[in-house]
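A.B. asks: Those sequence lines, one after another, are chains A and B. Okay, so the first sequence: first residue is 3 according to the working numbering, each after it adds one. Okay, so the second sequence: first residue is -3 according to the working numbering, each after it adds one.
It is worth saying that the hints were derived from the structure and are not from the lab. Note that beta-carbon positions come from the ideal geometry of N, C-alpha and C, so glycine has one too. Treat the hints loosely; a few may be bogus.
[To be verified] Far from chain A by the CB rule (all over 12 Å, computed), these chain B residues:
#1 Leu29
#2 Leu45
#3 Ser54
#4 Ile109
#5 Asp118
#6 Val143
#7 Pro146
#8 Ala183
#9 Val185
#10 Ala195
#11 Ile248
#12 Gly334
#13 Glu357
#14 Glu378
#15 Gln517
[Stated by the list, open to error] Which stretches of chain A does chain B cover? Using the computed rule of at least three CB atoms under 8 Å from a CB of chain B, they are:
#16 104 to 110
#17 226 to 240
#18 256 to 270
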Amino acid sequence: MLAFLAKRTGAGLSVLLVVPSLTFLLMYGNAANAARQILGENATPEQIAAKSAALGVDRPLFVQFIDYVGQLSVGDLGRSWFTAEPVGSLLTSRATVTLTVVIGSILVSTLLAFALGVTAALRRGAVDIALQVLAIVGFAVPGFWLALLLVSGLALQLRLFPATGFVPFTASPGQWLASITLPVVALMVGAVAGVAQQVRGAVIDVLEQDYVRTLRARGLPSWRVVAHVLRNASAPALTVVALTFIGTLSGAVFVERIFALPGLGLAATNAAVNGDVPVIMGVVLVMTAIVVLVNLVVDLAIGLLNPKVRLS
Amino acid sequence: MSQIVSIPALPAAPARRGVIGKVLHDPLGIISLVVLLLILLATVLAPVLAPQDPGRSSLDDIFAPISAAHPLGGDSAGRDLLSRLLYGAQVSLLGASIALLTSLVIGLPAGLIAGYYGRTFDSVSSWAANLLQALPAIIVLLALRTVFGPSIWTSMVIFGVMLAPGAYRLVRATASGVRNELYIDAALVSGLSDTRIIARHMLRVVRGPLIMHSAMVLAICINIQAGLEFLGFGDPQTASWGSMLNEGFLNIFQAPQMLSWPGLALFLTSAALALFAGSLRDALQAGTAKPARRRRVAAPPAGTAPDAPPSGPPAGNGESPPDALLSIRGLRVAYGGGSVEVVHGVSLDVARGEVVGLVGESGSGKTQVALSVLGLLPTGGEVTSGAIALAGEPLLGRPASFLRTVRGRRIGYIPQEPMSNLDPSFRVGNQLSEVVRVHLGLSRAAARDRVLDLLARVGIPDPARTYRAFPHEISGGMAQRVLIAGAVSCDPELLIADEPTTALDVTVQADILDLLRDLQQEKGLGVLFVTHNFGVVADVCDRVLVMRQGEIVEDRPAQEIFDTPRHDYTRLLLGSMLDGRPARLARAAATGDGRA
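Construct the complete structure from the given sequences, taking the supplied hints into account.
C.D. replies: Shown next as structure tokens:
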């Protein structure tokens, strides 16, 4: 188990090193562009040079890189080129918002998907057909379109939920729940469909295994047999949950824009439009860390559930 | 060996239709293809079909209602929505195709090389593939937007690169699977070059799954592209589904209906692509379906009435003896809703303390009989008629709650493959003690003690260690002992052993047979011993039933069968044994019979 964990942690760390580094080199390697973008089309070369010098992007790339890593080691993510706000503190509050809707959506969708997938696999029949339809619909409906429909229908016309904004839990739990409900639902539909499909497949695979027949032949009650099946089917299903988590982070970018939630995605969208390189760099760093962490947690869970995985 | 028994050929498989033919015969496949063709046609013919130029705006038509001139109404700049929708399809399909092509151009060759050659290239490219999928795609696209500018086409190329791992993994997995096939070795030996093999064999295998994958990816790309345009990538003035949605979002208070058309177009296109992919997947699976795990038996030869008594003298076809522990009468098992019958009216009895061998070649239906007793036929199989009784009590048609009190408690089951019959995720001991606790109501500690005793009884040297072990940590012979312990853990009256030694080494086989015989005598068990091996039969069985094509052809005491087999098929089976004392006896008997 320790060797397995060490290997997975190593893989995670390599991602954490390589992805932000590549992003840094790509973005800062072209930062003169950014100065031009900030100043507008009419800027003179002198103005651009002055701006580049002010931003520090006229220095050799590797010097900037070493500098950035040095700052990073003391927890400094730099400052926004536009608002001069420290990126670290800017992203901390925004990460909370993003993680609230993303984790909320993953928890609800995973529970629903397991319930749906297991029922479809065990019962087949109507539930199974419904799941097949849901899988196609969930795959084909663009998540952001669904979010738009929810805003338009439930928030603007029926006024059941607020259309925009985020209320912190500490301010008002009720309003907090109301403010995240539609975003969570919008993010969830695709995830439920995808994961339920995988859970169904994994459960059916396990049901066909010889040992399930042997467990039945020993006269175990069905719920005990299902417990055995679930544990064996959970590893492939959880792998899909980890992938879905990354997809949900992508979806959050749209949902945050549509519901005007001040999360990482909205920060990235605005920063990308403005060319605010330090903020984007910060978002990439934070997102990579989140993804690596989630993958580690899922790996750990799979390792605990399935002793064979620990060997490979 | 003068006797040659003719065995009827299996019915010919239905003629195989091509994959394309299968998709065209699937209603969903046809519908999705027609929808896709219509969408493509509308896209290409946009200049002809559109009522007006997608960019032409008129103050009179701002938020125009649905009318003959504007079938879908007008937008905030007074442009015709239908025209924009039709022209927008061009942008959407083009952008999605760019991303798809990019992903294929990278993923296909990389996957083929990694799958065919493996080694370093495989490790490096697989690592890169993981890296590319580590980040949410939109975040990467947003980050690179600051580097490469807001062009939607550049973004779709980048997205294509990020999708390449999907194609790569698929191609790599398929290619490395093919690489290990014998015909590739044959091609290598006969001097074909690597490129020829890749082009000839690998591409052909990869083609189908890759088309399926591409349909799904195309749907993803269309949605992502619309999403990027919605976020402000690309030129907002150009008509596209994404920019139309953005327009609708900005005017969500005045004209929420503007959201519906581009959204529906996206949904319809993606759904059609997904359905097409699903239909193609079904067609591909049907084309390459592996032979069913469950073995089916040919129907009885034409002309043989199913109820005709077998040619041997099967005893016990009438009333079952009053002391029978297990009694099966006229058992028929069929698959496919009764269309394929695999057991044609089998009757047999097992007395208390008697070991009955059920012998026959693979596919003779002997396992079907054994599983029928437990009520555990594989999916699709059912007992169509007959009766099964345990100590006089009928088993067929009883509720699951009753069967649970029989299985494990009164009938023990020993399966064939030791390794695949232990749950890999649970410790060996827990799998056994769970059963003991359920049936005997023992406490956790008492169950543990009982299982430890059982493990010691079946000859496991260190019961405590095996109790804690996971199935992959013990050997096949140990696993079979564990399964035997599981079968006898609740002191059943009847043991059903389905080829319990077939998967084991010859040396281990003898030990396991000894153990089974000891346990049988010690506990006075009735045993239904399913096997194809006459050597095993000679070792343990009191009585032997020979089964062929779903019927019992001979039912006699073991010694008699070896001495004077009556049925041709029994002689054939005996003659096919190559080693062991009974085999020699049998061969002598068979040849003697032949000379006579």
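A.B. asks: Would you mind marking each hint as holding or not holding in the structure?
C.D. replies: Going down the list of hints, with the structure as the test:
The Cβ of Leu29/B sits about 15 Å from the closest Cβ of chain A, beyond the 12 Å cut-off, so the non-interface label holds. Every C-beta of chain A lies more than 12 Å from that of Leu45/B, the closest at about 24 Å, which supports listing it as non-interface. For Ser54/B, the condition that its CB be more than 12 Å from all CB atoms of chain A holds, with the nearest at approximately 26 Å. Even its closest Cβ contact with chain A, about 22 Å, leaves Ile109/B beyond 12 Å, as expected for a residue assigned away from the interface.
Remark: the non-interface label on Asp118/B is consistent with the geometry, its nearest Cβ contact in chain A lying 16 Å away (cut-off 12 Å). A beta-carbon of chain A is positioned within 12 Å of the beta-carbon of Val143/B; the least distance is around 5 Å. Listed as a non-interface residue, Pro146/B fails to keep its Cβ farther than 12 Å from every Cβ of chain A; the least gap is roughly 8 Å. Here Ala183/B stays apart from chain A, with its beta-carbon at least about 31 Å from theirs, past the 12 Å limit.
For Val185/B, the condition that its CB be more than 12 Å from all CB atoms of chain A holds, with the nearest at approximately 32 Å. With a least beta-carbon separation of about 32 Å from chain A, Ala195/B lies farther than 12 Å from that chain, consistent with its non-interface assignment. Residue placement check: Ile248/B does not keep its beta carbon more than 12 Å from all beta carbons of chain A (closest about 6 Å). Residue placement check: Gly334/B keeps its beta carbon more than 12 Å from all beta carbons of chain A (closest about 19 Å).
Every CB of chain A is more than 12 Å from the CB of Glu357/B (nearest about 21 Å), matching its label as outside the interface. Distance to chain A confirms Glu378/B as a non-interface residue, since its nearest Cβ pair spans about 15 Å, more than 12 Å. Listed as outside the interface, Gln517/B is consistent with that label: its C-beta sits roughly 23 Å from the nearest C-beta of chain A, beyond the 12 Å cut-off. Counting residues of the stretch 104 to 110 of chain A whose beta carbon lies closer than 8 Å to any beta carbon of chain B gives 0, which falls short of the minimum of three for the stated coverage.
Under a criterion of three residues with beta carbons nearer than 8 Å to beta carbons of chain B, the stated coverage of the stretch 226 to 240 of chain A is upheld, 4 such residues being counted. Only when three residues or more bring their CB closer than 8 Å to a CB of chain B does the claim for the stretch 256 to 270 of chain A stand; here the count is 5, and the claim holds.
Of the numbered hints stated above, those contradicted by the structure are hints 6, 7, 11 and 16, listed in ascending order.
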